Each structure stands twice: as C-alpha cells, then as structure tokens.
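There are 2 protein chains.
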Amino acid sequence: MLNFTVGPVMSDDAVLEIASHSTPYFRTPEFSALMLENEALMLRFLSAPAGSRCVFLTSSGTGAMESAVMNILNDRDKVLVVNGGSFGKRFVELCRLHKRDMTEIKLDFGHALHREQLELYAGQGYTALLVNMHETSSGVLYDMPMIASFCKEQGLLLIVDAISAFLADELDMEALGAAAVLTGSQKALAVQPGISVVALAPAALERIAANEEVCMYLSLKDALKNAERGQTPFTPAVTTLLQINARLKAIEAAGGAAVERRKIAKVARQLREGIADLPLTMISENPSNAVTAVHPEHAPATEIIRILKDEYQIWACPNGGALADEVFRIGHIGHITEQDNQTLIDALHDMQKKGTL
Amino acid sequence: MLNFTVGPVMSDDAVLEIASHSTPYFRTPEFSALMLENEALMLRFLSAPAGSRCVFLTSSGTGAMESAVMNILNDRDKVLVVNGGSFGKRFVELCRLHKRDMTEIKLDFGHALHREQLELYAGQGYTALLVNMHETSSGVLYDMPMIASFCKEQGLLLIVDAISAFLADELDMEALGAAAVLTGSQKALAVQPGISVVALAPAALERIAANEEVCMYLSLKDALKNAERGQTPFTPAVTTLLQINARLKAIEAAGGAAVERRKIAKVARQLREGIADLPLTMISENPSNAVTAVHPEHAPATEIIRILKDEYQIWACPNGGALADEVFRIGHIGHITEQDNQTLIDALHDMQKKGTL
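Residue numbers (the numbering used here), protein chains in the order written: chain A, 1 to 357; chain B, 1 to 357.
Chain A with its partners taken away, still in its complex shape:
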C-alpha cells in the first residue's frame, strides 16, 4: 500500500531496519547517550533558544498537548485558543477539562487567522495563547510570525502544537519566542507512532518547576529530571526512539531541517500541480506543506477514499465528523518519492476517466 495520510506515514529502509531487531535494554549508558543526542538534535532543528530542553513522551500528540495544558499552564492563567478545526477544538476541550480560564477564537474551517481577529483580545489580561501551527484537519498553516508578534506585544506565553508542521513548514522557536513546541514521531519524523516530543524554552521550564503536579504519567517535571541523564521515568517506546535517532542524524547529515523542509515542499508542489486539472477544490487558505485538503466536486470523499484503497492500494486521509463526505486530505510527509506521487496523480486521473471522481 502507498500511504498518503498525514500519519502514520511511510518510513525509509534505514528506519525500518531498526525495528527488525529486538528492542534493546535501555537503562544503559548507551541509550542515555542516544537520548541526549535526540534532545540536542531536536532543539537544533527547532532553532530553540539557549537553555531550552526537550523531552520525549510515550504517547500520541494529544498526550503532549495535554501535558502542556497541565504542566505549563495553571489556574491563574487566562488563555486564548485558536480553534480552526479538530485539533484547535482539542485544545479547547483540554483547557475546559483542566479548568483553565479560556477564550476560544473560533475560525471557519479552512480559514486563516488575521491580525484584526487577535486584536480583539489585546489588553485584556490574557497570559497565554495555544495554537496548532498547522491545523491538520483543514490543512491551514497559520501566520506564525503575526501570532508571535501579537504574543510578544501582549506578553503572552506562546504554546505551539507543531505536530504535523515540524520539518514541513518554517519553524524557528527563538524567532517566534515560543515557550513550547510539540511534535510527534509519526508525522515528518516518519517513524512509528508512539512518541510525542515536547520542546521547552526557559519560560516554560520555569513554569513547570513552579506548577503543582497533576498527573504522574504526563509529568514534564519528572520527564525533565530523568532526561538530564538521558533517561525517562517509565519504560518508553525504545524502538521508536532509536528510529527517531536514526532519522534526526540522517536529516543532519543531509543538511539539516531547512533541506528536509525544501524536500517536503517539493513533494507538496508536485502533487498540487498534478491534480490542478481535476474536480478537487483546494479548501485551505495558506496551506501547509504537510498536507493538501480538497473538496471533491462530484463524488463523496468517503467513497473516493474507499476506491483509492480497494482499487489502487493507496491510502488517502479521511476527515471526520460533519465533513467526512465533503473533504479528504493528501499528505506530503514521510518517505514519498516522486514516483509515488505520480502513482497517486495517475490513479485520480484514472478515476476521473471512469467517472468515480
């Protein structure tokens, strides 16, 4: 099967080879050294400011989002959440569950956020802003420099879910002044799902040290303490962490995060050009390089996804809920070759010929 979802994605052979061996024991100096290398490379690729730290949780990206809401924020915060789709909604729900004083900025699906929409909340005592840099459900990449400049002016702590944006879109933690950036193993890191990554600038580290613990498993305080010696509080998804190490080192050897971003941008461009003549309307303002969300003009999205799977051995990515028949997504992250892209483009043209698109 060819996999064009936005995660889990396809992995390269070097990554797969690692998981073809039994998981090594991990309370060893060798594994600690590897984890310290993972931390250093993640911080470098994120352009994190001096004094930043990075921890790896054995969880989905939602685990990282919840750990940020639980560990970095507290009940004295007044929080803004940008809600432009499923993942913005998740931040809203997490803030409600943990009783944060929260205001959501609700956007129409597929729409960008503009400065004047943020301006409404200026000077009102807000202390933090949560945003899914790339709202993966709609494909919209928010204008991060604009959001960051608002946060700086207003003195807001900026927490960035970059789960599907890391390595796909421009992301400089220091330039943005972001306190925390989150990502996951199964997006552009292109290894198995099971690990989420939380990078923390000094502003977030101070808050974590001062805040009370509310959950042992998702404790960033505990994760940070153990990570000082390259370890985790509990048995992590060791194999996935070894795969992450191989990927980070390969990206470094090939020229770093900027080179990887250009590679993903090229995959996205080729696919978008290849389907431009088809009855598929791009629905995102300012799309991320990670994914293209389209509205099929003639057929239900669920049916297109089923046909691609059953007749062409291709996975495309469905949308959930009310939009299930209106929107589907094509991912550009993971080990996708030019030839893979062409196979999907040809399949969609073939469907058009047969009248199923």
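Since the hints were derived computationally from the structure, they do not count as laboratory data. Take the hints with a grain of salt, since some may be wrong.
The calculated lysine-lysine pairs, modelled on DSS-like cross-linking and capped at a C-alpha distance of 25 angstroms, are [what the hints assert, rightly or not]:
#1 B:K309 x B:K354
#2 A:K249 x A:K309
#3 A:K89 x B:K78
#4 A:K99 x A:K78
#5 A:K78 x A:K221
#6 B:K78 x B:K106
#7 A:K221 x A:K99
#8 B:K99 x B:K89
#9 A:K99 x B:K99
#10 B:K99 x A:K225
#11 A:K99 x B:K249
#12 A:K99 x B:K221
#13 A:K263 x A:K249
#14 A:K89 x B:K221
#15 A:K221 x B:K309
#16 B:K106 x B:K152
#17 B:K263 x B:K249
#18 B:K225 x B:K106
#19 B:K309 x B:K249
#20 A:K106 x A:K89
#21 A:K225 x B:K249
#22 A:K78 x A:K152
#23 B:K89 x B:K78
#24 A:K309 x A:K354
#25 A:K221 x B:K99
#26 B:K78 x B:K99
No experiment lies behind these values; they were computed from the predicted model shown.
Fit chain B to the supplied structure of chain A, relying on the hints for placement.
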C-alpha cells in the same frame, strides 16, 4: 546481545517482521477488526468474566496504573495498597497524587503477604485494594487466591497490576473476581514497549461510566467508547498493536495461555537449577515465573551486570535505589531459548572461575 531483563524483552522473528514494514494507516475497517480480535483474545487469555472489556493505551504500564487510579477509583473510595517494592510504591504515590483515601500495607523487600496482615484491615470500610500481583522489583508473586478471597469477603474492588505476571503466572480474572487487570506489551507479550493493556470487568466498567473525567489522554471512558468499533481516541502505537495481534494469535494456535505459562515456567526452572551452585542467593519468597531476583554474595550487583554486558554481551536486569549493589534480576519472559539460558548459566560460571562473581 542476549536480553535477560524483565522488559523490553526479546521478540521472535514473526513479531520483528511486522515492524520491518511501514506502519499502515489505521482508521480502516481492517485495523478495527484486528483490534476487536486483540480485545477478544486478551479477555480469553485472562479468563475475564462475561461483559468484560479490554482497551489498549499508548503508554507504559505506569500509564495504565494511573488510568486505573484516576478512572476506576474516586474520592469516596477507601483504598488499600500492597507495597512490597518499587511498583507497590508507585501505586501509593499515584493514590496520593490523586488524593485517594489510602492506606499502604508495607512489606519487607522480597517478602510475601500473609492473610493475617490483611486481616488487620477487615471491617474498616475499605472499598478497594490495589496490588502488583508480581512485584517486579523483588520477584515476589503474591498469593492472589488469598488476596481475592479477602477482597470478596470484605466487598473490596480488586485492581491487579499483572504487568509482568500476565502469561507468566496463573491468572484467572473471573476466579479472582478482579475488577481490573493491567499488563504491557514489553513483558511476556514480548513485543516492543509502548502499549499498555487494561482489562475491565463489569464492576470496573460501571465505575468508569459514573466517574468524572480527570485526564483526556488516559481516559478509559473515551478508550472504551472508541474500542466499541475497534478504534482508539488518538493515534496509537499501531505497529506494536499489530505485533500484539500476531503474538496473541500464535499463543492461541499453540494451545492458549496455559501452554505459554508452562513454557515460561520451564525457562525459569532451567535457569534456577543452572545457577543453584553459584554464590547467588534467591531473595524472593514465592518467586514469579517471570523473573529470579538474586543477591550476589561476593560482588556488587552493578559490577556483575556491567561485566555481563561488556564481556559476555548479556543484559541482566539491575535494581534501582538502595538495592542497586545488593540485588539483580534475571528475566524468563520473551523469546528465550534453552540455548540462551545455557549461555547465561555458562557466563556466570565463567565469572565465578575468574573471581568476578
């Protein structure tokens, strides 16, 4: 390297082959069917009562322990915790963090629990008992029928951490009347770490439905709801779940949980007989089949572990904290052959000859 730790453990070729392919997309009918099969096989191997359910969390075993404390118990409970080592202590800490009214039954390291120790807490309004069936840090297997009979008489909800005991030691959820049983992927299931398993009898399911949500990521309510259709609320460690499926089906084909238990018991017996003449004192009353904890009479445990790793390419399992130099452990779970066992036995005898044991 030969791995004789108690997790992660060695996997067989069929399991490893699965991880040598890219992770498939999982919001599909095919993956749902596989997950429903995983649930059914887990419940069968646990002899779970009718109406039980089983969910799979992307977390370590501690995630499952915390989910039980958060989702099954509430602040009206009065909880007993058996604390005979690191994992008993973890249940104590989890109960404190979540403000449960809790009493710990503290045991000396390596000691069994006796009926008269439990009797002290009879008739005092306790509502639940948490126990690590096999206290992995000391190797002690508690007398579960005795504990279960006390719980039945006193009307206590019994929550069993069987993380390292599942498939290694006798475990019948219905006979014990256990409300919940926990395990993990990297113990006798012998696949990668990253998945914990929570089996729930109707008594636990009722409480989960009635209790308030305190954590989204570790929500059993949400996990149960999604598992009805063979799915998970968030992207799980898909590859590890595929490996679990292969293992469960292989165990079923070979005769089920009882046959697997006999296999592990045999590995344990062979190893114990093979090292009986060495200056290694067994320290556990009633040892589990999963592990043998020993006190080396002449050399520090940490040094023995280092020599085994560096000179014999064998991982044995260290103990943490104050016992680091006093105790080490040899695991019997995972893909360990008779020949592997002999290699370790020979290595320890060689060390004795060289004066390093």
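*Can you list which hints this structure breaks, lowest number first?*
Of the numbered hints, 2, 3, 11, 15, 18, 19, 21 do not hold.
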